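Peer 1: Sequence:
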Amino acid sequence: MSATLPIYQERSFSEILVEEGLIAASDLGQILGRRDDSTEPIGDLLIRLGVINEKDKARCIGKQIGVPFVDLARRELDPNVVRLIPHRIAQRLHALPIERSDTAVSVAMLNPLDITAIDELQAHMGLAVDPCIAGEEDIREAVFRAFGAYDDLGELVGEAVRGIDPNDIKLDSDAVEPETEVSFHQLKEMSEGAPVVRLVNAIITRAIACRASDIHVEPERHRVRIRFRVDGVLQEAMIMPKDLQYAFLSRIKIIASMDIAERRLPQDGRLTLRTPQGEFDFRLSTFPSLYGENLVIRILDRNAGRIGLRDLGLQADMFACIQSLISLPHGMILTCGPTGSGKTTTLYACINMLNSVERNIMTVEDPVEYQVAGIIQGNVNVKAGITFATGLRTLVRQDPDVILVGEIRDGETARIAVEAALTGHLVLSTIHSNDAASAITRLIDMGVEPFLVSSALVAALAQRLVRVICPRCAARYAPSPLHLETLGCQDLAERDDFDFRRGVGCDHCSRSGYKGRTGVYELLEVTEEIQRLIVARASSRDIRSAALTTNRSLRDDAVMKIRDGITTVEEVVRTTVA
1 MSATLPIYQE RSFSEILVEE GLIAASDLGQ ILGRRDDSTE PIGDLLIRLG VINEKDKARC
61 IGKQIGVPFV DLARRELDPN VVRLIPHRIA QRLHALPIER SDTAVSVAML NPLDITAIDE
121 LQAHMGLAVD PCIAGEEDIR EAVFRAFGAY DDLGELVGEA VRGIDPNDIK LDSDAVEPET
181 EVSFHQLKEM SEGAPVVRLV NAIITRAIAC RASDIHVEPE RHRVRIRFRV DGVLQEAMIM
241 PKDLQYAFLS RIKIIASMDI AERRLPQDGR LTLRTPQGEF DFRLSTFPSL YGENLVIRIL
301 DRNAGRIGLR DLGLQADMFA CIQSLISLPH GMILTCGPTG SGKTTTLYAC INMLNSVERN
361 IMTVEDPVEY QVAGIIQGNV NVKAGITFAT GLRTLVRQDP DVILVGEIRD GETARIAVEA
421 ALTGHLVLST IHSNDAASAI TRLIDMGVEP FLVSSALVAA LAQRLVRVIC PRCAARYAPS
481 PLHLETLGCQ DLAERDDFDF RRGVGCDHCS RSGYKGRTGV YELLEVTEEI QRLIVARASS
541 RDIRSAALTT NRSLRDDAVM KIRDGITTVE EVVRTTVA
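First residue of the sequence shown: 1, per the numbering used here; consecutive thereafter.
In case anyone wonders, no lab produced these hints; they're calculated from the structure. Bear in mind the structure is a predicted one, so any value in this text is a computation, not a measurement. Quick reminder that beta carbons are idealized off the backbone N, C-alpha and C, glycines included. Any given hint could be a false lead.
Just the calculated beta-carbon pair ranges, DEER-fashion [stated by the list, open to error]:
#1 560 / 535: 27 to 35 Å
#2 397 / 324: 28 to 36 Å
#3 11 / 304: 49 to 57 Å
#4 560 / 527: 17 to 25 Å
#5 279 / 507: 20 to 28 Å
#6 279 / 422: 34 to 42 Å
#7 486 / 397: 48 to 56 Å
#8 11 / 434: 48 to 56 Å
Please take these sequences and the hints and turn them into a complete structure.
Peer 2: This is the structure in structure tokens:
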């Protein structure tokens with residue numbers, strides 16, 4: 001079986017770039033005239049300068065050589081098609097089957113002119129190859145979605161599928177969650193097969209290696225999608241065949257001491273694992289969805305609770321101010337922001353700084369996320385009658401100096417926390433609000449009298465997390481003028497001594513261009529002027545306006561991190577509000 005190569009058209013790559021509207025001919029001429037290395041391909045040069053991206057390059061090459069371009073990031077992958085070749089061949093040849101007919105297979109390739117690779121693919125699959133072109137990064141990510149990060153993960157999936165007896169359970173991919181009961185023994189037998197056990201272990205290990213905070217296992221009509229939340233952003237990790245759904249979920253439920261036979265009610269579970277990377281706690285939650293149980297696993301690194309206040313990304317002046325505030329003998333300090341903005345981590349950093357033999361520090365949380373030696377920590381247990389309110393009421397009688405309340409979410413908890421702050425305790429807690437000023441109005445909306453809020457609250461710290469530019473692949477680029485105008489930092493674009501930078505993607509950052517996160521903050525200290533506004537029931541907008549006359553907003557703090565080369569313009573626009 002012999003492969004047929006596409007035929008080059010007469011148009012040059014540069015002409016196609018201009019025809020596609022990706023760059024003006026005059027601008028291209030200037031760039032080519034100034035380049036230092038005349039041997040660097042035009043496409044690579046323009047990608048490095050941020051003029052085009054990998055997809056633009058692949059699409060233009062496809063037009064030049066006469067093969068179709070495929071955007072793998074927007075394409076749903078069929079597990080039965082992509083696994084026509086093993087992971088090692090897909091990775092080595094930078095190729096992935098995407099569509100199959102009776103006689104041929106469409107294959108996305110980085111180099112559709114590689115006749116040797118095409119012949120190898122045809123020999124392995126026994127079908128003719130219709131080459132398409134795709135970007136290198138898209139192929140890498142698609143291979144990872146199809147097979148996982150490990151060379152043997154795709155093989156494990158195949159072994160696990162072969163280990164499932166089709167007579168046990170046959171899922172109708174066109175139907176919703178089956179109504180037929182599956183016996184406990186069937187589920188247990190399927191989940192204890194060696195390939196399934198190794199597959200679960202490999203995915204958990206991969207999530208930890210990726211620094212994922214959550215694993216999402218999402219059953220769909222024809223497949224099971226697995227995603228990791230890394231640095232606050234969900235990334236597709238792999239696609240699993242539908243036949244593995246019961247076995248995979250049952251295995252996870254078994255190790256978390258959950259009921260594997262119960263699929264129609266939500267369940268919660270937890271487990272602890274020791275790995276070479278450290279000791280991790282896992283919180284599991286299932287939800288009966290249309291096509292089966294949706295599972296989310298929160299990964300908690302026990303070492304994360306040891307973070308210091310200096311490691312949070314605070315500017316020097318704000319660090320000194322917070323250090324002074326948490327040294328007060330009494331009062332209330334709130335951290336605020338949406339879920340996943342690092343509020344609890346900030347409180348633990350404060351606790352770590354305060355932790356000493358002379359202080360009695362106690363917490364009530366839901367649940368305890370990080371265990372810290374030297375402090376007394378307690379969990380909310382609604383079944384036992386321990387809520388935030390009842391737990392806090394008991395803590396006050398335990399002679400504490402510092403009290404950490406996991407979250408203020410109702411009026412009773414808010415009132416008890418305020419009373420504790422007024423009676424000689426330092427109370428640290430979180431509250432859901434968009435900015436620091438809104439935390440004040442939320443307390444009042446919960447039924448706490450304004451004069452009590454003004455007397456008890458000493459500060460509110462709003463925060464967000466922004467991703468940090470990967471240091472290994474950071475390169476110069478030109479951000480959108482609209483984004484610069486939104487942030488009010490057009491002056492940076494006009495400076496000769498300043499370059500905007502972003503990560504272009506590498507193995508170190510899993511091709512994302514970012515590695516890790518840091519905080520951006522907005523601190524509101526309750527001054528006499530703020531106290532007067534609180535008592536007068538002023539709006540959060542008026543309180544915020546008064547506070548920002550002497551303090552930075554979230555966006556102002558984030559722009560400082562752009563100036564310091566820590567994060568990107570796009571990341572600040574994505575995570576902060578004006």
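Peer 1: Each hint needs a verdict: does it hold in this structure or not?
Peer 2: Results for each hint:
1. Distance hint for residue 560 and residue 535: a CB-CB separation of about 33 Å, consistent with the stated range 27 to 35 Å.
2. A hinted range of 28 to 36 Å holds for the C-beta pair residue 397 and residue 324, which are about 29 Å apart.
3. For the hinted restraint 49 to 57 Å between residue 11 and residue 304, the CB-CB distance of approximately 54 Å keeps it satisfied.
4. In this structure the hint that residue 560 and residue 527 lie 17 to 25 Å apart at CB holds, the actual value being about 23 Å.
5. Under the hint 20 to 28 Å, the C-beta atoms of residue 279 and residue 507, about 27 Å apart, fit the expected range.
6. Distance hint for residue 279 and residue 422: a CB-CB separation of about 39 Å, consistent with the stated range 34 to 42 Å.
7. Look at residue 486 against residue 397: about 51 Å separates their beta carbons, and that is inside 48 to 56 Å.
8. Distance hint check for residue 11 and residue 434: the Cβ-Cβ separation is about 51 Å, which falls inside the suggested range of 48 to 56 Å.
Comparing the model with each earlier hint shows no violations; every hint is respected.
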